[in-house]
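Asks: What follows is each chain in one-letter form.
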Amino acid sequence: MKPPPFRYAAPTSVDQALALLSAFGPEAKVLAGGQSLMPLLNLRLVRPGVLVDLNRVRELDYIREDDGEVAIGAMTRQRTAERSALVRRLLPLLADALPLVGHPPIRTRGTVGGSIAHADPSAELPAVLLALDGSVVVRGPAGTRRIPAADFFVSYLTTALAPEDLLVEVRFPAHPGAGTAFMEVARRHGDYALVGAAALVRLRDGRCQGVRLAFTGVGPTPVRVAEAEAAVEGRELTPAVAAEVRKVVAARLEPDSDIHASAEYRREVAGVLAERALRRAADRAREVG
Amino acid sequence: MATRYFGAPIPRLEDPRLLTGRGTYVDDITLPGMLHAAVLRSPHAHARIRRVDVSRARQAPGVVAVFTHADLPPALAGPLPKLIPHPALVHHKTQYALAADKVRHVGEPVAFVVADSRYRAEDAAELIEVDYEPLPPVVDLEAAVRPDAPLVHEDIGTNVCAHYTQRVGNVEEAFARAPVVVRERFVIDRGTAAPLETRGVVAQWDPRMRQLVVWDSTQAPIPIRNGLARLLGLSQAQVRVVAPDIGGGFGPKIMMFYPEEVLVPCAAMQLGRPVKWIEDRRECFVAMNQEREQIHDAAIATDRDGRILGVRTEFLYDAGAYIPYGLIVPIVASTTLPGPYKIPAYHCEFRAVFTTKTIVSPYRGAGRPHGVFVMERLLDRVADQLGLDRAEVRRRNFIQPHEFPYDVGLIYQDNAPLVYDSGNYPATLDKALQMIGYDRWPEEKARYRRQGRYVGLGVACYVEGSGIGPYEGCRVTVEPSGKVYAATSVGTQGQGHFTSFAQIIADVLSVPVEDVVVTTGDSGAFGWGTGTFASRAAVVAGTAAHLAAQAVREKALKVAATRLEARVEDLVLEGGRVYVRGAPARSLTLGEIAVLANPLRGTIPEEWEQPGLEASRYFAPPRGTFPNGVHAALVEVDPETGLARFLRYVVVHDCGRVINPKILDGQIRGGVAQGIGGVFYEKLVYDSGGQLLTQTFMDYLLPTAMEIPEVEVAHLETPSPLNPLGIKGAGEAGVIPVPALFAQAVEDALSEFGVKINEMPLSPSRLRDLIRAAGPRSSP
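Which chain is which? The protein sequence lines are A and B, in order. Just remember that our numbering sits 7 ahead of the position in the first sequence, which is counted from 1. Just remember that our numbering sits 61 ahead of the position in the second sequence, which is counted from 1.
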């Protein structure tokens, strides 16, 4: 479990990093917190020619409010975001999800941008970004562009990033006052969940509005289930409505089986978690409202 | 004899060293000029090797040597030694140092690369070209015994290497007349011990001393030394094997030999430079022995009151690709099954089966969890069928306290009759039931249900074979400083031997326990012994330490008697000093006596036997001693997600006299944690091609502190009559009944669904399968 030989570069600015990525193209691999990349290197499952280590790029470490969104620099540690009062106030769904990411030592190294760029469909942060219709800011040879979450996550560990691109910022739409919940079934505390469900809901006169439901672990990317959101939108979350959500979710999802859980299990449990997460989100909305 | 230390929960003497990072593990051994080895392993479960080309690897940067089977000296070219033969083991196939013409499991070593760094050794290993002809894998245990199965070892014409039956009484008659008969199939799958420290070997050949020193993360340094001497053509005195601090063994760190245990010393001698190989975690998953896979077809016959008339089991034991360790695991499973119960007729029969999977050898429990799972599940079914209380069914069948020694009628793993030495099974159960609140359980369960919670209670009983022979020894020396040095060859993998052996010795010699320095696992310090396994170190080596300390005490009194001009009978040893009873003013310290016992002039009297204040003693028990226990727990299940968690866990354990309750509780709690891992988290998954799909800790899930409940431990102390200290072993007690207990508790929690659990381990997904399969009641 030693990595094969690779060259190592440690740029101190985004411009330097971009120059390296342009120079080496697909041969280069970006190292952020290393919580996924280092094991892959040691298992010789990835063999980059050059490792571009972003840990000295200070300009990518920030959290700020910007135009109804919270912009988080790609190299912001997950633990920093978890402890941010701004995140707690404006991004309650992200605040719910962060404590579920691994364990504190992992979050102390792991970055927000790294988790999004790695695009593990079982990870929490991509599902949060998708649920919120957030976006990422990417810099590449052609300049800076924004990619909506729905277009960013392409498949298992695959994103819309080109080899020369650098994800520099993650933008989460602010949702203060919304009821949120992130619930998951993990084999152990801190594991990638077998299934996870993110729910966001606002209540007006007891009726659900702006309902969002996103799932982890049920497909090659994080998944939204529009029909399930529609099933609740504008309605009270009665037991009958909740049961319908559960049914719709189970019917719409097409997860795979793996050594940890069958497809059938994931479908069922996604439904169960959808119902539970919605209930908790609605309870929270009631408390906040 | 004063027992100031025996029985006292003193803190472990080794902890300050280990907890502050000052331990010495194999990977901490760094020698000048040391080379590093990497092993090229088979990616196939089953394949013929047509050609191995190492030419590119030999030229890679930093590479010093590359070994294939063709490069091995003749002594290492054949199959490695047969460890524990058995008459029923008719095809005793053992592993090779490097695969000769065939590989039989993923991870089997094919080539051995030595380079100036581990990185470069691994880089070079990738350059070796092996031309494999894939052969059909043999993965499924039941398929492996069919006549048309592909053969793991073609020359024997079968995959069944042993077929062994033991019987007590007339089983057919018992079943024929029994009003109640229950038959079930039970399946237990594979797991790995996953020690914190993986295996590792460092070897150094000293051409001036003509000595080979090997640091090996092994549980059995003396047999390793003896075997290495023989294989490498050296005398035993020329080989020193040191098992330094070891980060967990749990059984798999004895095989004799793992290929690396001969390859590293052989390379060090050939190259004239020290060589280090440290198993990485991925190697540990495929190359360290595994355990647990068995399929039992079992049945129980009882009368209408639930009294056992007969039990039978026929089972398949997955040996993996080779069977160096013989039939220990299936024999232990067969002979642990009867447990604390009187079984007038018993038939146990197993077939040991080769598959193209990693080798199986004992892992903490070593068949005991299987036997207990089968027996306890059968009793649960009897209770269900007869509408009896599950504790009552057990109570009705217990061997009673006055019935010891109790001859079960079987032959145990040590080839001696299975005779329980002592125990109080009803008292153990009563205590556990009281601690878990069994009497109030129906009301408690109903209370949980009213809260919408599904909570079940489990209770399981077991008897654990421990403390078997053949022997261990210990040498105790008092130096002129007054410090006491003790050496035994059993290795220590975290069991606290540095403390518990010191407690035993300190009491006999009446010295502070801190003044007793214990050395373990170094053939240079003590050269006779077998190893740490079968929960035997405390019983066998601990008793040897006691006997050696007693001999030193007697010697001290003899020597002091001469100087004090008194009779031995009139002397007192107290506080490390010897004096004439009633006259403590004139005394000799043990240190002073040590000087007297080793004079520079004059002579030593014949009755002193040898110079110095030193004695070696051996303890060779005729047979094992049998602790017992009852575990009880509350388990909550979420039927919608299949998640389960322990709310409470109670252990009542009787291992005779307790040397150190703190160490004992640690053993029990660690075992319970490992047991909980084995029932709900850990599972080695092989695909149909024989590939191990769980090769990292991302996929093989060890429980963490978050998953393990507080374990409440209580002890009964029924002394063993088989040794002077009255002690029994405790190494495996925590792990043994967990599968039986968990199955019962989950069934109880889900009683309204009618879920039946006949397999281990479970997972949330599998538990949902069982709930779904239980039928229409399954939608909560």
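Hints are not guaranteed to be accurate.
Unchecked claim - Simulated pairs of lysine to any residue, SDA-like, Cα-Cα distance not exceeding 20 angstroms:
id, chain 1, residue 1, chain 2, residue 2
1, A, K9, B, R181
2, A, K9, B, L257
3, A, K9, B, C345
4, A, K9, B, G498
5, A, K9, B, Q756
6, A, K9, B, E464
7, A, K9, B, F758
As the list claims (entries may be wrong) - To be clear about the criterion: a stretch of chain B counts as covered by chain A if any three or more of its residues have a C-beta under 8 angstroms from a C-beta of chain A, and this derived list gives those stretches:
id, segment
8, 174 to 188
9, 666 to 679
10, 754 to 762
Think of the hints as simulated: they come from the structure by calculation, not from any bench. Ideal Cβ placement from N, Cα and C applies to all residues, glycine included.
Asks: Against this structure, judge whether each hint is valid.
Replies: A quick look at each hint next to the structure:
1. K9/A <-> R181/B: Given pair K9/A, R181/B holds - Cα atoms ~9 angstroms apart, limit 20 angstroms.
2. K9/A <-> L257/B: holds, 19 angstroms
3. K9/A <-> C345/B: At roughly 15 angstroms apart (the allowed maximum being 20 angstroms), C345/B and K9/A satisfy the hint.
4. K9/A <-> G498/B: violated, 52 angstroms
5. K9/A <-> Q756/B: holds, 15 angstroms
6. K9/A <-> E464/B: violated, 59 angstroms
7. K9/A <-> F758/B: holds, 17 angstroms
8. 174 to 188: holds (count 5)
9. 666 to 679: n = 0 at 8 angstroms, threshold three: violated.
10. 754 to 762: Holds, because 6 residues of the segment 754 to 762 of chain B bring their Cβ atoms closer than 8 angstroms to Cβ atoms of chain A.
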